[in-house]
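Let the hints inform the model, and build the full structure from the sequences given.
Protein sequences appear in the order of chains A and X. Note that the numbering used here gives residue 395 to position 395 of the first sequence, counting from 1, and the numbers run on in steps of one. Note that the numbering used here gives residue 80 to position 80 of the second sequence, counting from 1, and the numbers run on in steps of one.
It is possible that part of the hints are untrue.
[Unchecked claim] Here are some chain X residues pointing at chain A (derived, C-beta under 8 angstroms):
1. Arg510
2. Met517
3. Gly524
4. Gln527
What the hints contain is simulated information worked out from the structure, not anything from laboratory work. Even glycine gets a Cβ: it sits at the ideal position worked out from N, Cα and C.
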Amino acid sequence: MKYDDIIIGGGLSGLLCAISLAEKGRKCLIISQGQSTLNFSSGSFEFINTEEGEDFEHAIAALPSRHPYQKIGVDRLPRLRTSVAGLLDRAGIRTVGENERNHLRITPFGALKQTWLSLAEMTHFQKDELLGRVLVVDIRGFLDFNASFIASSLGQMGIQADTCEVYVHETERLRDNASEFRSANIARVFNGYTIDRLACAINEKATDVDFILLPAVFGLDKEEPARRMLEKLNKPAAFIPTMSPSVPGIRLQRLLKQRFISLGGMFLSADTVCGGEIVDGRLVSVRALNHGDTRFEAENFIFACGSFFSNGLKATQDKIYEPILGLDVDYEGGHGEWFAPDVYAEQPYMSFGVRTDKRLNVSLDGKTLENAYAVGQLLSGASPIKSGCTGGVSAVSAVYAADIILNQQ
Amino acid sequence: MKQYDVIIIGGGITGAGCARDCAMRGLSVLLLEKADLTNGATGRNHGLLHSGARYAVTDSEAAAECIRENRTLRKVAAHCVEETEGLFITLPEDDLAYQAKFIESCQKAGIDARAIDPKEAIRMEPAVNPDLIGAVMVPDGAVDPFRLTIYNAYDARLHGAEILTYHEVTDFLKDDSGRVVGVRAHNHIDGSDPEFHASITLIAGGIWGTVLARKAGVNVGMFPAKGALLIFGHRVNNMVINRCRKPADADILVPGDTICLIGTTSTRIPIEECDDIRITPEEVDLLWREGVKLAPSLAETRILRAYGGVRPLVAADNDPTGRSISRGIVCLDHEVRDGVPGLVTITGGKLMTYRLMAEIATDMICKKLGNTQSCETATTPLTGSDGPALKTDAHTRGSVKAAWGRHGSHIQDIPTETTYETSLVCECEEVSVGEVKFGIEQLKARNLVNLRRRTRLGMGTCQGEVCACRAAGLIAKANNCAESAKKDLASFLQERWKGMFPVTWGTTVREAQYTSMIYQGLCGIDQWAADASTTRENPVLSKK
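Below you can see the structure in the form of structure tokens.
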């Protein structure tokens, strides 16, 4: 089986890279294990934490040279961000956010977090914009969203926030099974009239408020249920992500996958790439567990396998390694130095990843594989949670790698 | 001011056992614990229901004590005990000749030990190392130290005792004659420093108790010995597996609920380190290496966490060098020993002999108070262990069976009327909303760590990352304070990380990264995170 490009990994970076290539008519294959961090997405993409009023450029200038943004080149980032927003838009994913600076989202604990792009229905504010009386809505019996956590934080910021609990009989029925009342299952019952009735119940309680905050449990396959919910409410409203699984995240992944397939892409799911064949400094094919001896051949290979959580990296007591080919990995010290005793401190292991050059080419035993690239959380050099660059690194590195491949043609 | 017959300092198994025994004999009892019940050595051991076989060769007296208490606990604390039985295996590198001596010593101590064919041992316990050349079956079992302590305290309360957690005794009150007449305690919940008065003050606080005793002018020589253990994410063995050799490091593998534990090591440590036990890479390596010899599948099993406790070993009196250290029970009448009336210490001993320790201490206290009631703890079942077995059918919920295992007859107090109450909070350990409510209201859980000890919530493979947030929501609701509950959640994750930190490889790194992505990335919990240098766990405070 011969392709132009094979992308290993079907998360945010794999899908964005593959779509970029497929939009230019290339024949692409994604091989995905099936789970990705989109399943607990906040519904927003961070780019970088900034000081108040500061734009991205200043914060990025302060990053170390090993950071993927620095490798890609600071000058290229604004254009890449524009490309990402365009890709999402063409996939039917409406987002809000400026190209140069952060806005704020409200977290499930009621913290305010800086972010770059948010799905249009999620909370998005500029500082001091969040005013007036707020009502935070709980769905009765749903344990993975806690309105009181959010309301009490808003209260600490001087915002008057109340909570209320609503239900419809469809959600009550779902509760008969002790472990089924989870976000994705709830989203399945919310369509059409179920949404209208829930909106009615909320409207009855939201007489004396200016803004409504809701758990993001609407629209697993498409945005329409979420939009309908907002339209049926009498007051302005927005969604806050729940604990995992993330309904907006699952929708993001589904819409991106649909977009890729509609462009003629092949998506091979629930399979694990387990090895490859290298000839003269080029990766010529890879093998997958469920396909035995089948050789998946391509001109280019993009490793978008994620970090430890996605098994893109593995750790033993003695070493950190990339499990498919044993690509060169950037990490320092022994086990004792990989982790900090304070869970909330900067954790060295978070920045470990596959070593690349400025073109994101990977290497094996010090020799560059000129047709193999790494993108997303597999890259070394970022400390994504601490510096708030998870979504940004995944998105721009994916589009950048696609650009390099396209420019070679 | 209320006057008690006895104040007990320490909410470990010894203190809780003493509180129950004293209360059952009609004494008015106040138990003061500086943090939560089981916070010290009690919550940091194997959870092994010793048959005594381990001590048979080296200490026949301890062995005989163990087997007697083993039989008693199976009867009176059935819902805290799992009758797994145990094996002592001989591996090719061990001396098979030791086996005969071992069996003979066991029989002398009254322990039913019999050699079985190694092939039979493999049939009974398929996880055992198949290279074994000898096997002896003994009546070992598993005991849940959290459950045992919490239900002793609960039972004491049912008999009228008052149990105050998060009350740290800071000083002793003495009258003009030098008699101890009570204590002053710091209330960590509201910040006050109340005084409590009693005829007798009993120190049952292990290592910490003896440090405190110095304030009363009493010196008990302690030699704290750290014991490290590893918890594995699966229950690979159903029987306790021991090495049939002289007691050494890491030669006991105990199954417990959904997991199994290998331990322990034994290292002397200074008393100052007892509050913050950290496990070293060398200890992890040793435990893992030796554990794999008992059950080879441990090599492929995820290590959930590493932890350690401090054995409260006591130096015999008149031996300041500590050469003759006793693992036996030490009950000190400070009136006789040090000329400090009104003060008694109970220490030494083991989890296994807590009931006997309580009996000895209570006998001494009763004698001083002129109380002639006899001890009934060897025959009267613990509350929860006093009901019939659970009747199950095809429709019985998994969470009901799990809760019965944890709470025995108190399962009837766990609300199950609504779908809300039966919905699951912790899927690994099948803990329902109703059980969490029961833990908060009846078993007095004041934070997530308390709740973990009372329900196993967060003890399973996910180590709390999925359920902790749900449970924090329920605690917030019970105390009407979301901010305090979020702070507690932040320290709960810090505490979980402390145990994962020494064993972070393989899937544990995935788990750690996932937890960080969810709680820090998605939720922004950092803003509620306490300083990591304070390892102390705090109660969730109610909004005033």
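Results for each hint:
1. Arg510: holds (5 angstroms)
2. Met517: With a closest approach of 7 angstroms, the X/Met517 hint holds.
3. Gly524: holds (3 angstroms)
4. Gln527: OK, holds: X/Gln527 within 8 angstroms of chain A, min 5 angstroms.
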